[in-house]
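Peer 1: The residues making up each chain are set out below.
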Amino acid sequence: MQPVSPFESWLFFLGAAAFGTLFTHWPEWLSHSGEPDESAGVHPGVGNSDQEPETAEDDPSAESTAEPVQSFLDEMLSQSRYAILLRPQLVENLTPEQLERTRTAFTDAMCLVPEGDVLIRPERPFTAEAEGLHAGKTLHLAPYFLDRFPVTNAQYRHFVAAGGYEHMDIWDREIWPAVLDFVDRTGHPGPRYWREGKFSRGEGNQPVVGVSWYEAAAYARWVGKRLATDAEWVKAASWPVSIPGHPLLQRKYPWGESMDRSRANVWGSGPGRPVNVDEFSAGASVAGIQQLIGNVWEWTADPLPIDQSQLQPGDKTNLKTLRGGAFDTYFHNQATCHFQSADWAMARKHNIGFRVAISLSDLSPGDSPSSSKSEDEA
Amino acid sequence: MNRGTAVELDSMRLVGAGGIQCLVCDESNTADAETCHECHAPMVLAHQARNPERAPLMLAALGPSGVGKTVYLGMLLDMLSRQVGDMQLTARGGFSVNLQQTTVAALARNEFPSKTPSEPDRWNWVHGQIRSARFAEPLELVLPDLAGEALFQEVDHPRSYRIIHALLGRCQGVLVLVDAAKLQSGSLDEDFFTMKLLSHLSEVTGDRRTGLSARPVAIVFSKADQCETCFDDPAAYAERHAPGLWRICQQRFTSHRFFAAGVAGACMTKRLRGGATQSIPLRIEPRGIVEPFEWLMKSLSI
Numbered sequence: 019m020q021p022v023s024p025f026e027s028w029l030f031f032l033g034a035a036a037f038g039t040l041f042t043h044w045p046e047w048l049s050h051s052g053e054p055d056e057s058a059g060v061h062p063g064v065g066n067s068d069q070e071p072e073t074a075e076d077d078p079s080a081e082s083t084a085e086p087v088q089s090f091l092d093e094m095l096s097q098s099r100y101a102i103l104l105r106p107q108l109v110e111n112l113t114p115e116q117l118e119r120t121r122t123a124f125t126d127a128m129c130l131v132p133e134g135d136v137l138i139r140p141e142r143p144f145t146a147e148a149e150g151l152h153a154g155k156t157l158h159l160a161p162y163f164l165d166r167f168p169v170t171n172a173q174y175r176h177f178v179a180a181g182g183y184e185h186m187d188i189w190d191r192e193i194w195p196a197v198l199d200f201v202d203r204t205g206h207p208g209p210r211y212w213r214e215g216k217f218s219r220g221e222g223n224q225p226v227v228g229v230s231w232y233e234a235a236a237y238a239r240w241v242g243k244r245l246a247t248d249a250e251w252v253k254a255a256s257w258p259v260s261i262p263g264h265p266l267l268q269r270k271y272p273w274g275e276s277m278d279r280s281r282a283n284v285w286g287s288g289p290g291r292p293v294n295v296d297e298f299s300a301g302a303s304v305a306g307i308q309q310l311i312g313n314v315w316e317w318t319a320d321p322l323p324i325d326q327s328q329l330q331p332g333d334k335t336n337l338k339t340l341r342g343g344a345f346d347t348y349f350h351n352q353a354t355c356h357f358q359s360a361d362w363a364m365a366r367k368h369n370i371g372f373r374v375a376i377s378l379s380d381l382s383p384g385d386s387p388s389s390s391k392s393e394d395e396a
Numbered sequence: 397m398n399r400g401t402a403v404e405l406d407s408m409r410l411v412g413a414g415g416i417q418c419l420v421c422d423e424s425n426t427a428d429a430e431t432c433h434e435c436h437a438p439m440v441l442a443h444q445a446r447n448p449e450r451a452p453l454m455l456a457a458l459g460p461s462g463v464g465k466t467v468y469l470g471m472l473l474d475m476l477s478r479q480v481g482d483m484q485l486t487a488r489g490g491f492s493v494n495l496q497q498t499t500v501a502a503l504a505r506n507e508f509p510s511k512t513p514s515e516p517d518r519w520n521w522v523h524g525q526i527r528s529a530r531f532a533e534p535l536e537l538v539l540p541d542l543a544g545e546a547l548f549q550e551v552d553h554p555r556s557y558r559i560i561h562a563l564l565g566r567c568q569g570v571l572v573l574v575d576a577a578k579l580q581s582g583s584l585d586e587d588f589f590t591m592k593l594l595s596h597l598s599e600v601t602g603d604r605r606t607g608l609s610a611r612p613v614a615i616v617f618s619k620a621d622q623c624e625t626c627f628d629d630p631a632a633y634a635e636r637h638a639p640g641l642w643r644i645c646q647q648r649f650t651s652h653r654f655f656a657a658g659v660a661g662a663c664m665t666k667r668l669r670g671g672a673t674q675s676i677p678l679r680i681e682p683r684g685i686v687e688p689f690e691w692l693m694k695s696l697s698i
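Top to bottom, those sequences are chains A and B. If you read the first sequence in this note's numbering, its first letter stands for residue 19, the second for the next number, and so on. If you read the second sequence in this note's numbering, its first letter stands for residue 397, the second for the next number, and so on.
I should point out that these hints are in silico values taken from the structure, not numbers from a laboratory. The beta-carbon is built from N, C-alpha and C at its ideal position, and this holds for glycine as well. The reader is advised that the hints may include incorrect statements.
To give a feel for the contact side, a few chain A residues facing chain B, derived at Cβ under 8 Å [unchecked claim]:
1) Q326
2) Q328
3) L329
4) H356
5) A360
Using the sequences and the hints, build the whole thing.
Peer 2: Here it is as structure tokens:
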């Protein structure tokens with residue numbers, strides 16, 4: 019293990035104090051910093067994206083070709099954990115150069131969605147209860163940042179390599195007994211379709227799939243973020259415009275009112291499998307958030323709004339909402355900003371991934387990335 | 397149920413001029429009959445298939461009630477009509493679109509289509525032309541959407557449904573659907589149902605001495621989206637979860653293969669008043685739908 023600098027020790031102490039359980043396993047975690055295996059993961063918005071781990075051998079945990087991590091900051095940035103560094107408790111300890119690097123990483127990877135209203139109105143409510151609950155219901159949301167791209171295999175690999183499946187404090191307590199079941203095809207901790215804890219060759223820049231809602235939530239905590247709420251996802255995609263005295267104007271698709279198959283990887287428009295997260299860029303939202311429609315469904319933080327007592331007892335009733343459609347979504351009306359699907363929170367499907375969010379209020383007020391970017395983005 | 401002879405004794409019809417044979421049971425019918433007086437198959441099939449030099453290819457999709465035959469066939473037809481892979485289906489006659497239309501329209505509304513009635517004259521039939529680079533000419537295809545209850549009545553009481561008996565004897569390839577979700581839950585009924593069905597099929601189609609049937613049979617685990625492991629290796633899934641079915645396939649059918657298919661990405665089951673339940677698809681993302689059909693076509697060496 020490399021010597022730990024006073025700055026790292028101090029920063030670590032502050033982090034542990036600020037986020038409690040996040041760094042419970044700090045000795046093991048720090049030991050990772052000395053391994054020469056942590057290259058930058060593939061993330062279109064973060065620096066060093068040219069160091070894409072094309073193969074499982076040269077991915078972040080491999081030992082042969084990756085550059086050694088030079089510092090705590092480098093490691094945090096390479097792991098897409100910049101949001102932690104921008105928390106009020108930590109940001110004051112960064113040098114101007116470090117702060118600039120961190121802010122750049124943040125703004126390259128996340129987009130601001132401004133404060134405002136959003137109308138949650140499923141086109142086809144599954145139940146009368148859902149219709150009553152949501153029909154025409156307008157919610158007011160505080161400003162937040164949402165990932166520009168879905169979380170990739172390479173990004174998620176950092177989480178796996180850092181022992182994310184062993185740090186029980188970042189997992190929901192109710193799921194602790196089941197975490198050991200979250201393994202890949204070869205029995206290693208990780209997404210369902212990986213092998214030996216690694217993704218397949220050439221899939222580093224594809225969205226991670228085969229992860230349950232709980233795995234998505236644990237990853238979000240590990241990078242200092244959270245899953246977007248259902249309403250936040252809809253607002254980022256449909257980009258509501260509020261004109262006083264008139265109904266809220268919301269787009270059916272991020273680019274307009276009708277499906278354009280050249281802008282989204284859905285059934286019949288792509289290769290019939292997930293593609294890299296920076297493809298179909300013409301389908302980006304107004305804020306520049308890509309692949310909200312198509313490629314993979316995205317977990318949101320919320321349960322499906324349904325009266326649980328009406329579900330069949332013994333059925334898989336813990337349903338979490340999904341948004342956006344996937345590469346195999348057959349009907350265009352099910353890959354819109356408004357269509358709400360759901361799946362069992364433990365489901366680890368081939369076409370379900372996620373992206374993460376953070377509230378503006380969770381960042382340092384004076385140094386939030388939004389202070390330099392929000393006007394441009396808005 | 398309407399299974400009896402329903403043709404009026406009209407003197408003009410007794411003349412027999414312009415009589416035409418039913419495509420399914422070979423019974424002679426008058427030229428203006430809408431359905432066969434013997435088996436109730438739609439006579440439009442016979443009228444449309446009159447000219448081609450080669451008899452139409454006839455396939456059957458079998459399985460218990462609720463296994464998802466209508467959803468599977470409707471989705472298969474819709475995907476073939478959109479040309480998935482190298483095959484394209486073109487319907488012959490408006491009636492051939494009914495199954496596709498009702499199924500796809502229901503699924504797009506996040507509903508499953510209504511249950512197929514037991515009466516043969518209310519079944520949906522498909523008559524279409526399959527085009528493929530592998531065929532020199534378009535191939536005529538006839539495919540009915542049978543009711544599960546009728547099918548099992550025929551299995552339990554042979555010849556109670558003349559149309560099913562005739563169809564099983566005539567069809568060149570068979571799709572057998574098995575509910576993977578029920579198997580996954582440990583239900584043995586599904587295994588027994590399918591064993592009965594395959595046993596009956598081998599008796600109808602197999603060699604009388606050896607009992608072996610050379611007719612290609614694609615065993616399709618439907619609703620596999622509810623048990624993802626089924627997609628990984630359907631044959632291994634059959635061996636683990638439906639040993640009776642697996643064994644009878646090995647012993648009685650020389651040409652068979654297991655497949656996994658799913659139409660809905662996920663479902664939820666809602667309780668209704670009176671204790672009934674309703675399954676609601678949460679999204680539509682077909683998987684493994686066309687593969688069994690393509691395998692059948694290849695197995696038939698057409």
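Peer 1: Evaluate each hint against the coordinates.
Peer 2: Each hint, compared with the structure:
| no. | hint | verdict |
| --- | --- | --- |
| 1 | Q326 | violated, 11 Å |
| 2 | Q328 | holds, 6 Å |
| 3 | L329 | holds, 6 Å |
| 4 | H356 | violated, 13 Å |
| 5 | A360 | holds, 5 Å |
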